[in-house]
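> Heads up: the protein sequence lines correspond to chains A and B, in order. For the first sequence, the numbering used here gives the first residue as 12, with consecutive numbering after it. For the second sequence, the numbering used here gives the first residue as 15, with consecutive numbering after it.
The set of hints was computed from the structure by calculation and includes no laboratory data. Zero decoy hints are in this set.
Within a straight-line C-alpha distance of at most 30 Å, the following computed DSS-like cross-link-like pairs (lysine-lysine) qualify:
| id | chain 1 | residue 1 | chain 2 | residue 2 |
| --- | --- | --- | --- | --- |
| 1 | B | K110 | A | K237 |
| 2 | A | K237 | A | K281 |
| 3 | A | K281 | A | K144 |
| 4 | A | K285 | A | K237 |
| 5 | A | K144 | A | K285 |
| 6 | B | K110 | A | K281 |
What the simulated footprint calls covered on chain B by chain A, stretch by stretch (three residues with Cβ under 8 Å from a Cβ of chain A suffice, anywhere in the stretch; the number is not a length):
| id | stretch |
| --- | --- |
| 7 | 24-31 |
| 8 | 36-49 |
| 9 | 96-103 |
| 10 | 107-119 |
Not everything, but these chain A residues come out facing chain B in the computed CB check (under 7 Å):
| id | residue |
| --- | --- |
| 11 | T88 |
| 12 | L90 |
| 13 | L91 |
| 14 | L98 |
| 15 | C179 |
| 16 | S239 |
| 17 | P275 |
Quick caveat, the model's predicted, so the values are computed rather than measured. Even for Gly, the Cβ is constructed at its ideal location relative to N, Cα and C.
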Amino acid sequence: MCGTCGCGQGEKRVEDLHPHQAHDHAGHAHGHGHDHAHWPEHSHTHPDGTTHRHSHSPGHAHSHQHPPGDDPAAGETRLLSVERDILARNDAIAAENRRALRAAKTLALNLVSSPGSGKTSLLVETLRRIGGKYPLAVIEGDQETTADADRIRATGVPAIQINTGKGCHLDADLVRTAMARLGRPDNGILFIENVGNLVCPAGFDLGEAHKVVIVSVTEGEDKPLKYSGMFAASALMVVTKTDLLPHLDIDVDHLIENARRINPTIGVLKLSAKSGEGMDRWIHWLETARALRLATD
Amino acid sequence: MHEISLATALISLVHEQAIAARARRVTRLVLEIGALSHVDTHALRFAVDAAALGGLAEGAELEIQEPEGTAYCLDCEASVAIAARGAPCPRCGGVKLLVQGGDEMRLKEMEVV
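Pulled out of the complex, with its shape left as it was, chain A reads as follows (with noise of 0.2 Å):
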C-alpha cells in the first residue's frame, strides 16, 4: 500500500479491442485477454528443485536462475557499486515508446491532473474540432471503467482503456502494450489521459513528448505549490472551466504565478471547453507541436 496515496497494485488491464472470445452478458461485453496475475505474488518450483513465491510487474521476464551453492564467493560479504535509477526499467520502455513514435512522426500527449479537472471533456471538445484532418488516437488511464474511453469512441477517434486496478499513475510498459493494440496514429496525435491523480503520475514517464497538466479554475491558486513535482515535470498548463469563473474567487494570475515559481518555463493557456473561451489558441498549440513533430527527426 502506498502511504502517500493508498494505492496498491491491483488487476492491471489493458481493454482488449479485438477479443478472441469475447462474448455479451447482459448490456456489458469483455474479451479474454492472455495476462496472468503478476501481483499478487505465486510460486513456482525450479528444476533443482526449490520453490519459492514471488511477484513482478507486466512485462517482465519469466526466467531466472539460483546462484549454485558451490560458488566460490559464498559466505563472503561482499559490497556492490550499482548506481542506477530505480525506475530504470520503465525509463528504458518509455525511451522505446519515444523512440517508436519519433519514428512515425506522432505526437504524444500525456495528459496529466486530479480528477474532475475537465480533461476528458476537453479531449472530447478537442476531438470533435480537428478530427478527420489527420490521425488522432486516444489512451485513457482508469482504475476501472471504460466510460471515459466510450465517450472517446462516440466522436468517431480510436480509443483504448488501460484500467490501472488500485494503481494510480499509468507506466511505460502499460501504455506500450496499449499502443500495440490501438494501432499508432501516424503523422497524428496520440493523447494519453493519465489516471486523475496529481503525484504519482509526474515520476513514470511514459515516452511522450510532454507532459500537459490541467487544472480547473474550481481547484484553487494553490495547487502547483501543493503538488509541486508534476508542474515542475509538464511543459504546459491549461486552466479549464474558465466559464465558471464569475462564479468564484479564484485569482487565476495567483494560480500562474504560483506554476511560474515551480517551473518558469511553463507555458499557459486558460479555456472553457464547455463555451469555447480559449479552445483556439489551444488547437493552435497542439497544431504548432505536431508541426515541430513532423520537422524534425
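For this one, chain A is given, so just place chain B on it according to the hints.
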C-alpha cells in the same frame, strides 16, 4: 509518489544485480532518495520490506541517503540549496529557480553474501 511501484521496481533491480553477482542473499541496500523527489521515505521502507518478502533481499537492512535539493536561481544567477520546490532563493529571495539536483531515486550500492 508511488512507493509500492518504486519498491517493486527496486526489488526487481536488486534481484537482477544479485543474480548477476551470483549472490545468495542481499543483506543491505543503500538508496539515494533526493529531498525533492516526492518520496515518503517512511512509506518506502514499509513497501520495500513487503516487496522483499520471499526473495533474496528479505530482511535486508535499508539505508536511505537524502541528498538536499539544489537549484539555479535565475535572479541572482547562483546555484543554491533549497528545501522544497517552490521555496524562495536563500540568497536573494527570488522565486525563479530551476531545480538541478535532489530529485534522484537511485539504488547506490548493495551488500551481498
